[in-house]
Amino acid sequence: MRILVPIKRTPDPNSLVRLTADAQIDLDGCKWIVNPFDEIALEEAVRQREAGLDAEIVVVSIGPEEAADQLRACLAMGADRAIHVCCNRSLEPIQTAHLLAAVVATEQPDLILMGKQAIDGDQNQTGQMLAGRLGWPQATFASTITISDNHTTAVVEREVDTGRETLQVRLPAVVTADLRLAEPRYVALPAIIRARNKPMANVAVDDLGGVPDCGVRTVGYELPPSRAPGVMLPDAASLAAKIREAVQ
Amino acid sequence: MAQIKAPPGGAFLIEEAELDGVLIPEELSAEARLMARTTEEFIRKEVLPVTDRLEAHEEGLNARLMRSAGELGLLAGGIPEVFGGLDLPKSTLTLQSEMIALASSFAVTVGAHTQIGTLPILYFGTEEQKRKYLPRLASGETIGAFALSEAESGSDALSAKTRATLTPDGRRYVLNGTKMWISNAAFADLFTVFAKADGEQFTAFLVERNTPGLSIGREEHKLGIRGSSTCRVILEDVQIPVDSVIGEVGKGYRVALYILNIGRFGLGAGALGTSRELLRHSAKYANQRVQFGSRISSYGLIQHKLAEMAVRMFTLESMLYRTAGYWDVLFAGVDASAEGSADELRAVTEEYAIECAILKFYGSEVLDYVADEGLQIHGGNGYSEEFPMARAYRDARINRIFEGTNEINRLTLLDQVLRRAQKGRLALPQAAAKLKEAVLSLAPRSSDLSADPLDEVGEWIRQIRNATLYAAGQAWETLGVKIADLQEVAAAIADMSAVLFALESGWLRARKLAASGSPRSGLALSAIQVYGADACAQVEQWSRYVISAISDGDTRRTHAAVLRRILKPPLVDTVTLRRQLARSVIELEAYPW
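Protein sequence lines, in the order shown, are assigned to chains X and F. For the first sequence, this note's numbering gives the first residue as 1, with consecutive numbering after it. For the second sequence, this note's numbering gives the first residue as 1, with consecutive numbering after it.
Keep in mind the hints are simulated off the structure, nothing from the lab. Beta carbons: idealized from backbone N, C-alpha and C, even for Gly. Be aware that a few hints might be false.
Claimed, not checked - Derived DSBU-like pairs (lysine-lysine); straight-line CA-CA distance at most 35 angstroms:
1. F:K434 <-> F:K5
2. F:K482 <-> F:K423
3. F:K568 <-> F:K284
4. F:K161 <-> F:K423
5. F:K45 <-> F:K161
6. F:K251 <-> F:K423
7. F:K482 <-> F:K568
8. F:K284 <-> X:K31
9. F:K434 <-> F:K482
10. X:K31 <-> F:K45
11. F:K284 <-> X:K198
12. F:K512 <-> F:K251
13. F:K568 <-> X:K198
14. F:K434 <-> F:K512
15. X:K31 <-> F:K5
16. F:K512 <-> X:K31
17. X:K242 <-> F:K284
18. X:K198 <-> F:K45
19. F:K5 <-> X:K198
Said to hold, decoys possible - With the C-beta cut set under 10 angstroms, the calculated list includes, among others, these residues of chain X facing chain F:
20. S15
21. L19
22. I25
23. D26
24. E66
25. A68
26. D69
27. L167
28. Y186
29. I193
Work out the full structure: start from the sequences and follow the hints.
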């Protein structure tokens, strides 16, 4: 079977993201990583294969030229080949889903395994929109995945507010990874060297039918207001007094 | 792509570098960064959380961590592929050394293994020794150690008392003696032991841990790096086969010198990595600590410290990657897997001995500054073991002592310069003579208001180079080989050379950043302006110190007049520049490049 793992190049959450004087996002000096949820999805795919699943793992990323660095990291983690859709503009989830659907048309994967959300926009929509566009079943927030021996179904345990829910989906399907699905491995140095020779295909956005307009326009950015510092109260009585004051 | 050339070692003393051959860290490959990320994650997740257990010398913990590091390939980078290594570029390894140094004690463990514990075999071992040991050293299945020092033989390594006596049948050596301060001793499997064959010929031997008669002393109670193992290695009638000799009998000093040379480079890289982490701690603390109603990061004296840390680190980083880049060019021309390549490998390694000496003493002194002033920023909390600075302060201190004390490294620098000059490898006497002729015709310059501030710093560098050349040339003319006996003068020349290399490396990097339109180029310019202005004043002082020590009367006055023509320290508002640098450090809570 073939597993397609879409990954996104995102800023390292430890990097400081600021706004420039003209209110644009300032990413100078920012470190870039594979979106951690996508990394978890890839780790799960690699583990499934290591546990005996006969699968080709293909990673795809839609992003600038530098996203090749993140794809290379994924190849070192265990993906067999990579597809780089070169795109220098920021995309809305519906646009990403549109382009990914075009990739799916060519690649014909049996399973799409991706992060539940990217840590930059935290939108949590792309997986769902992709499944909708493809007309495929979806299982989001997966914490375990079991694929049937004949590769026709997957049983997915997902974390929901009330606990855990178990779904069985027909394949092909879209499954999105939650935090506890798998802990990504360290990318060993010999694996990085071996990944030098793994194939990476470059695809132009135009070859996928271009980016459709989605009606969303970015008006501007502003930082959330800074929080006023808290105060230390000496005892519970003064806390109660403060609360009374606030309620009145 | 243009053919990148690497200049001969020490060339910075006599001529300006070509911009093209200079590697700056901003140009490191994505692969190098990915490997560094693996290293950093491993250190942060596996090593730093067990620091206390390492310091308590928990049985087997260091060896287990080394095995894990080996499985990730973190110990194999410097070893050729044919011997189970990864054969990584020096620049990639430099970044990796920086990351390992986030854990100071473990960095000593790794360094003792990958550098001084492994390289004697790579550079001097027989094919058989390499095949037998290198793959297991690369994987961490075998841990290496380097046993050179003795209780009464430190810097003066050749005075070692450990003896190797050939058995009457000529098939074995019997070792007797006690080695001291041996890193990794508690868990090492393989020791490079230096001993005098038949009491005279200083020689390196390979000794396996399980050889009868070899025993390990108790852990030394140290000021810092307590998570590393440091013990005596006691040799009592230890019998080893004659093919355990590394290199040639009587040529042990060559092994020691070559290997320490590389160790010095790694130490400089580690010093930078540790400094990076300490600057993060310091900036963060300065932003949190409120006194007199304001964060202490808003005060000028705290900003001065933060900026000065960043400036010194910037110059250290620029020197490190410049040297690593030169090395990569030279190493690329050597096929390390070919038999008999060891001679070439050694020659390339030795090429930058002057630069390595600088990186050792300069790097360890940058780290000491960062640790000391970082602790100062933490105030009383810095003195408490509850905060990270106290341990960092203790851990940093060893770096000025091991791998050749900083005093020895300053003397080594001048020794190397003189050797190369005598052998015609470095045209220093010619450059000094040319300068002497030219100096009489030097016209006074007004250098304060130049159109391009980068050009102005370039002018300062020329002045510093000329002052260094003049002082060194005059010292050589007056004292000849006796210059080595006047250690104070030798050290001053070493300091001038270091400042020259540091400023020029930072300047070359700033020019590259400016040319590439990097948003960090403005900050780089400020850093070299601050460093350069102070450097000019320091070099003026050092050069006057040198000529005053080697001459008197009219000669001295003439020298002083020449120096005044050569060197005109600029007037620069470094207060404003440092505050600007500090703002970046405070905002990012990190080293800003």
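Here's how the hints hold up against the structure:
no. : hint              : in the structure
1   : F:K434 <-> F:K5   : holds, 25 angstroms
2   : F:K482 <-> F:K423 : holds, 18 angstroms
3   : F:K568 <-> F:K284 : violated, 39 angstroms
4   : F:K161 <-> F:K423 : holds, 33 angstroms
5   : F:K45 <-> F:K161  : violated, 43 angstroms
6   : F:K251 <-> F:K423 : holds, 21 angstroms
7   : F:K482 <-> F:K568 : holds, 30 angstroms
8   : F:K284 <-> X:K31  : holds, 19 angstroms
9   : F:K434 <-> F:K482 : holds, 23 angstroms
10  : X:K31 <-> F:K45   : holds, 19 angstroms
11  : F:K284 <-> X:K198 : violated, 42 angstroms
12  : F:K512 <-> F:K251 : violated, 43 angstroms
13  : F:K568 <-> X:K198 : violated, 57 angstroms
14  : F:K434 <-> F:K512 : holds, 30 angstroms
15  : X:K31 <-> F:K5    : holds, 31 angstroms
16  : F:K512 <-> X:K31  : holds, 21 angstroms
17  : X:K242 <-> F:K284 : holds, 32 angstroms
18  : X:K198 <-> F:K45  : holds, 29 angstroms
19  : F:K5 <-> X:K198   : holds, 31 angstroms
20  : S15               : holds, 9 angstroms
21  : L19               : violated, 12 angstroms
22  : I25               : violated, 14 angstroms
23  : D26               : holds, 9 angstroms
24  : E66               : holds, 8 angstroms
25  : A68               : holds, 8 angstroms
26  : D69               : holds, 4 angstroms
27  : L167              : violated, 32 angstroms
28  : Y186              : holds, 5 angstroms
29  : I193              : holds, 6 angstroms
Of the numbered hints given earlier, the model fails hints 3, 5, 11, 12, 13, 21, 22 and 27; all others are met.
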